[in-house]
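*Asks:* Spelled out from the first residue to the last, the chains are:
Number of protein chains: 2
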Amino acid sequence: MQHYTAPIDDMMFQLSAFGYDEVSKLEPFEAFDLETARMFLEQTGTLASEVLLPSNRDGDKEGTQWDPQTGEVTIASGYEAGHKALAENGYYGLTADMEHGGGGAPITLGTLSKEMLMSGNKSLSMCPGLTNGLIEALEAFGSDEQKEMYLPKLASGEWTGTMCLTEPHSGTDLGLLSTTAEEHGDHYKLSGTKIWITWGEHGLSENIIHLVLARLPGAPAGIKGISTFIVPKFLPDGSRNGIACTGLEHKMGIHGSPTCVMSLEGAEGWLVGEPNKGMRTMFIMMNAARLFTGLEGVSLGEIAYQAALSFAKERRQSRAMARSKREEGQAADTILVHPDVRRMLLDVKSTTHALRGLSIFISANIDLSTHHPDEAVRQDADDLVALMIPIMKAYGTERGFKNVSDAMQVCGGMGYTTDGEIEQYLRDLRIAMIYEGTNHIQALDLVGRKLALHDGRLYRVFGKRVRDAIAAAQGNEATAPFAAKLGEALRDLDQVTMALGKRAAGDPEVMGASASTYLTAFGLVVCGFSLLTQANHAVSSGTDERAKLGLTRHFFNRVLPEIEGHFAILASPHESITQFDDADF
Amino acid sequence: MQHYTAPIDDMMFQLSAFGYDEVSKLEPFEAFDLETARMFLEQTGTLASEVLLPSNRDGDKEGTQWDPQTGEVTIASGYEAGHKALAENGYYGLTADMEHGGGGAPITLGTLSKEMLMSGNKSLSMCPGLTNGLIEALEAFGSDEQKEMYLPKLASGEWTGTMCLTEPHSGTDLGLLSTTAEEHGDHYKLSGTKIWITWGEHGLSENIIHLVLARLPGAPAGIKGISTFIVPKFLPDGSRNGIACTGLEHKMGIHGSPTCVMSLEGAEGWLVGEPNKGMRTMFIMMNAARLFTGLEGVSLGEIAYQAALSFAKERRQSRAMARSKREEGQAADTILVHPDVRRMLLDVKSTTHALRGLSIFISANIDLSTHHPDEAVRQDADDLVALMIPIMKAYGTERGFKNVSDAMQVCGGMGYTTDGEIEQYLRDLRIAMIYEGTNHIQALDLVGRKLALHDGRLYRVFGKRVRDAIAAAQGNEATAPFAAKLGEALRDLDQVTMALGKRAAGDPEVMGASASTYLTAFGLVVCGFSLLTQANHAVSSGTDERAKLGLTRHFFNRVLPEIEGHFAILASPHESITQFDDADF
Numbered sequence: 001m002q003h004y005t006a007p008i009d010d011m012m013f014q015l016s017a018f019g020y021d022e023v024s025k026l027e028p029f030e031a032f033d034l035e036t037a038r039m040f041l042e043q044t045g046t047l048a049s050e051v052l053l054p055s056n057r058d059g060d061k062e063g064t065q066w067d068p069q070t071g072e073v074t075i076a077s078g079y080e081a082g083h084k085a086l087a088e089n090g091y092y093g094l095t096a097d098m099e100h101g102g103g104g105a106p107i108t109l110g111t112l113s114k115e116m117l118m119s120g121n122k123s124l125s126m127c128p129g130l131t132n133g134l135i136e137a138l139e140a141f142g143s144d145e146q147k148e149m150y151l152p153k154l155a156s157g158e159w160t161g162t163m164c165l166t167e168p169h170s171g172t173d174l175g176l177l178s179t180t181a182e183e184h185g186d187h188y189k190l191s192g193t194k195i196w197i198t199w200g201e202h203g204l205s206e207n208i209i210h211l212v213l214a215r216l217p218g219a220p221a222g223i224k225g226i227s228t229f230i231v232p233k234f235l236p237d238g239s240r241n242g243i244a245c246t247g248l249e250h251k252m253g254i255h256g257s258p259t260c261v262m263s264l265e266g267a268e269g270w271l272v273g274e275p276n277k278g279m280r281t282m283f284i285m286m287n288a289a290r291l292f293t294g295l296e297g298v299s300l301g302e303i304a305y306q307a308a309l310s311f312a313k314e315r316r317q318s319r320a321m322a323r324s325k326r327e328e329g330q331a332a333d334t335i336l337v338h339p340d341v342r343r344m345l346l347d348v349k350s351t352t353h354a355l356r357g358l359s360i361f362i363s364a365n366i367d368l369s370t371h372h373p374d375e376a377v378r379q380d381a382d383d384l385v386a387l388m389i390p391i392m393k394a395y396g397t398e399r400g401f402k403n404v405s406d407a408m409q410v411c412g413g414m415g416y417t418t419d420g421e422i423e424q425y426l427r428d429l430r431i432a433m434i435y436e437g438t439n440h441i442q443a444l445d446l447v448g449r450k451l452a453l454h455d456g457r458l459y460r461v462f463g464k465r466v467r468d469a470i471a472a473a474q475g476n477e478a479t480a481p482f483a484a485k486l487g488e489a490l491r492d493l494d495q496v497t498m499a500l501g502k503r504a505a506g507d508p509e510v511m512g513a514s515a516s517t518y519l520t521a522f523g524l525v526v527c528g529f530s531l532l533t534q535a536n537h538a539v540s541s542g543t544d545e546r547a548k549l550g551l552t553r554h555f556f557n558r559v560l561p562e563i564e565g566h567f568a569i570l571a572s573p574h575e576s577i578t579q580f581d582d583a584d585f
Numbered sequence: 001m002q003h004y005t006a007p008i009d010d011m012m013f014q015l016s017a018f019g020y021d022e023v024s025k026l027e028p029f030e031a032f033d034l035e036t037a038r039m040f041l042e043q044t045g046t047l048a049s050e051v052l053l054p055s056n057r058d059g060d061k062e063g064t065q066w067d068p069q070t071g072e073v074t075i076a077s078g079y080e081a082g083h084k085a086l087a088e089n090g091y092y093g094l095t096a097d098m099e100h101g102g103g104g105a106p107i108t109l110g111t112l113s114k115e116m117l118m119s120g121n122k123s124l125s126m127c128p129g130l131t132n133g134l135i136e137a138l139e140a141f142g143s144d145e146q147k148e149m150y151l152p153k154l155a156s157g158e159w160t161g162t163m164c165l166t167e168p169h170s171g172t173d174l175g176l177l178s179t180t181a182e183e184h185g186d187h188y189k190l191s192g193t194k195i196w197i198t199w200g201e202h203g204l205s206e207n208i209i210h211l212v213l214a215r216l217p218g219a220p221a222g223i224k225g226i227s228t229f230i231v232p233k234f235l236p237d238g239s240r241n242g243i244a245c246t247g248l249e250h251k252m253g254i255h256g257s258p259t260c261v262m263s264l265e266g267a268e269g270w271l272v273g274e275p276n277k278g279m280r281t282m283f284i285m286m287n288a289a290r291l292f293t294g295l296e297g298v299s300l301g302e303i304a305y306q307a308a309l310s311f312a313k314e315r316r317q318s319r320a321m322a323r324s325k326r327e328e329g330q331a332a333d334t335i336l337v338h339p340d341v342r343r344m345l346l347d348v349k350s351t352t353h354a355l356r357g358l359s360i361f362i363s364a365n366i367d368l369s370t371h372h373p374d375e376a377v378r379q380d381a382d383d384l385v386a387l388m389i390p391i392m393k394a395y396g397t398e399r400g401f402k403n404v405s406d407a408m409q410v411c412g413g414m415g416y417t418t419d420g421e422i423e424q425y426l427r428d429l430r431i432a433m434i435y436e437g438t439n440h441i442q443a444l445d446l447v448g449r450k451l452a453l454h455d456g457r458l459y460r461v462f463g464k465r466v467r468d469a470i471a472a473a474q475g476n477e478a479t480a481p482f483a484a485k486l487g488e489a490l491r492d493l494d495q496v497t498m499a500l501g502k503r504a505a506g507d508p509e510v511m512g513a514s515a516s517t518y519l520t521a522f523g524l525v526v527c528g529f530s531l532l533t534q535a536n537h538a539v540s541s542g543t544d545e546r547a548k549l550g551l552t553r554h555f556f557n558r559v560l561p562e563i564e565g566h567f568a569i570l571a572s573p574h575e576s577i578t579q580f581d582d583a584d585f
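Sequences listed follow chains A and B, in order. Residues in the first sequence are numbered from 1 upward in steps of one, following my numbering. Residues in the second sequence are numbered from 1 upward in steps of one, following my numbering.
Treat the hints as calculated values from the structure; they're not laboratory data. For clarity, every value in this text was computed on a predicted model and none was experimentally measured. Hints may be right or wrong, so weigh each one.
Because identical chains cannot be distinguished in the list, a pair is counted as satisfied if it fits within a single copy or across any two copies.
To be verified - The calculated lysine-lysine pairs, modelled on BS3-like cross-linking and capped at a C-alpha distance of 30 Å, are:
#1 Lys224 to Lys313
#2 Lys325 to Lys224
#3 Lys313 to Lys402
#4 Lys485 to Lys402
#5 Lys325 to Lys502
Chain A with its partners taken away, still in its complex shape (with noise of 0.2 Å):
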């Protein structure tokens, strides 16, 4: 029996640390204020707890059916109540724009409802996220007429939406594409084969609205000759367009979620946005998925935690090291008084606070980004953002992933089994570190465009920040250990980072040896920034400052250190791994 209690206060803690009043503040976010925030988490968590979570186990067992006669995909019972509960409460458009249907919510709150949603059904949630993101597409680029007609039917979840880039021949270089479009009237007839479409075909929705990348007849080759269109799977008129399910992957985790074939043949698309501009919209669509996949880890992070912690706290085996810990007139004492259970625990749940600080972080200079009234505050938030999207992508999955192992470690063989928790999220939550775009490809991302922008003017802004927040530390004795341990982490990030662009210059393939192990020691300083941040709010404010303290320290003291292992890496010559000979492999 799978149970989940959202960490309501834990939120409200960190947007106050995040400077959620500044996002509130902001024109179209004046009716969320704090307290409004608070009932909207609050109701999210129920939802997440009472309606998707009871049907998660569900999903992992019945996984989905594809009828080969239909095409039609039969999804797990009790979906459809988590379904029609997340559209009747204003999930699929909460942050969309009201003018067409949408909730109007910061895309703060958006973010938080979902590390909510996912860990209470990640299969399901995928759905509305998915639509989510369509909808932003949409929103940007989409013609008048396509947002009338299809935004409040996708906000409402009425219908639903997907993103089709992949082709058997064609997924982390999507310029190897090849679905054609061509012209017809005032609109395209589409042809080609796109896998791995997460809720590409099922009975939820009325409709459901592909996004689908494509080639116009001419078009350059790579991903310059790239177009979006919307593909419908029941036109207008209500006929069946010409996109259909031809298969489903069968997969070690998300089985509740359809990963789908779909296959074109002259179905009917029409272009959103300028034709060969397509991965415009696309990168729309990318960033928020990217930051909500590196939220997975975050959500499976959480939940997996509570389960350990439950069984920590029942579990009895063995006696305390310390004499003074043992429980009189028992056998054994419970394991969470063992410090190995407790390291794993803390490892769990400060790096998880330190990433949901970090997705809140991100969220709320999205929202500052597209509607602060200064424009240089706009653009200090963007700059962030695109910094922080592929460690929150790439680390947030690969710490993600290691804390939910951690957590099933807590557990023993109860951890191993169904009967037990966590095996499932860790079977989940392993796809997020290579689908939208593989953890390597975060980290191409992050140093050999994010890092190489405007002559390294995202780094500074992001280092500007947490200089700020060591100063802010220095002061306070309780956080000033803090503080020296930053300070000392960025410097050597400074120079790693220094010392590896010069090493490229000479060596192209520098680059991709060293980018993973550089993102992870990136990962450990943000994570250090996020938790310092929220060490000096507990300060400042007198709130949970025993906790947030405590996990703090075990973070600076016992899992930062790690990066003295990944710097070491960076250090050394990298040519074992490029000029290793291939037969010898």
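Go by the hints and put chain B onto chain A.
*Replies:* Frame of chain A; chain B shown alone:
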């Protein structure tokens, strides 16, 4: 479709590197020279890839079924053929004494054969694995009558064996176990419930011989009051004994292996060894079981590596970063050219080779400790085995799990599907960090027991071996840089070991908080020792030189430096763990 190529050449190389010639000179093993060893390994490799592997996926999909009416357990189709082949080819009694029908092979060859059998089908190979352990326990502590009665049937695979330790409230803490044994004429009557009994019930063999831990009336509390008993499924007169399977666990992986709840209701049992000295018997079985559990990381790391490499050679995505490495006339290069793919493959391959070497090093020392005429040699060998077993078990499974996950990452989305091969390996392997004593229990065994034994003698014996390998490497230009790096790591480990010992004197919880991290650091040094030994052998024998030196270089440049992170954690205060307030978890 799963594939496996037995790594015979590397095994032969490593047998020479780790002194198999000494083993084959021992009196009982004179028939097992290197040439015979190769024939045997080749035969085993064929069995693993052609007989065991074909049913590996079936076992995963079909699982095991328990019939509540009869208590019988149905095994996957295809397993019977595998079991028969294993039995007919002598794998159930491979290393057992020839006096009682065993094959008399050195443990060293047993270990290499186990690696391959587990690569082929981990679930099925656990059946001979447990039986091997039971044979060893009976050889050591069984009466002559017991030996004659059980050993020949176990060695032939007509009967199979189990270890019945765990009970619902007694897992890690065996002292809590409560199964009772009461004297009843020449035998005992046992009652209680055992869980997690691997291959506890099945129809593959004519009889199942359970080795059961239980308490005699009035036995001392804790582990000093445990005795071991033989409890057969069928009694000598052919009637059914009072032990039955009353349920199966449902697990994340190893679906093909029946994990049974066994209920004993007045089951007839025969004491093995002395009353209340059952832990001695168990340690015989556990030592071997821990070595082979660590080996799971090598087995599945190896086959996952093969799958990932094969994918990386076929899959084309994106262009090589170095222009000179781009393949003309192709839209994209094979992903083997991408530095991050190479990094992951080399991380996996170098640590897999290192841990294979460790398994051979341990096994050869087991053979020496048992059969060498010189007592000083036997003692050194015994010390090395005792020190290395917890490292092999814990670091082998920890690194193996990371390796299989990295192999999955190489394959991207394909690695996550059940069409790929790797997702099963990841699920099958995760339990290895938990069973046979959780990895933290291994760490406590290392730190709290093995380091302290004989005033630190084990560590000194190991240190001498490492320094010998370093000395041998210093004279050669190719290996001298590795020697310098390993020397530095060993000096650091020496210091950390002493520093931890000092801190532990003041606070008993230091060891608990640090043991797992310490074991990981120690594991890296051991891997360095293993690869340096292999590099030395490559140079001195002129065999496989480029490949081994390349792997060793990669390990010392880009894997061993991880140790800096572990050392930095160990140097930090541990009180953030032990003094964290319980209410704040």
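*Asks:* For each hint, tell me whether it holds in the structure or not.
*Replies:* We went through each hint and held it up to the structure:
1. Lys224 to Lys313: Cα proximity of Lys224 and Lys313: across copies only (27 Å, versus 56 Å in one copy).
2. Lys325 to Lys224: between (65 Å within a copy, 24 Å between copies)
3. Lys313 to Lys402: Answer is both: 21 Å inside a copy and 29 Å across each meet the 30 Å cutoff.
4. Lys485 to Lys402: Both, since 23 Å and 28 Å are each at most 30 Å.
5. Lys325 to Lys502: Only across copies: Lys325 and Lys502 sit 22 Å apart there, 54 Å inside one copy, limit 30 Å.
Consistency with the previously given hints is maintained throughout, with no hint failing.
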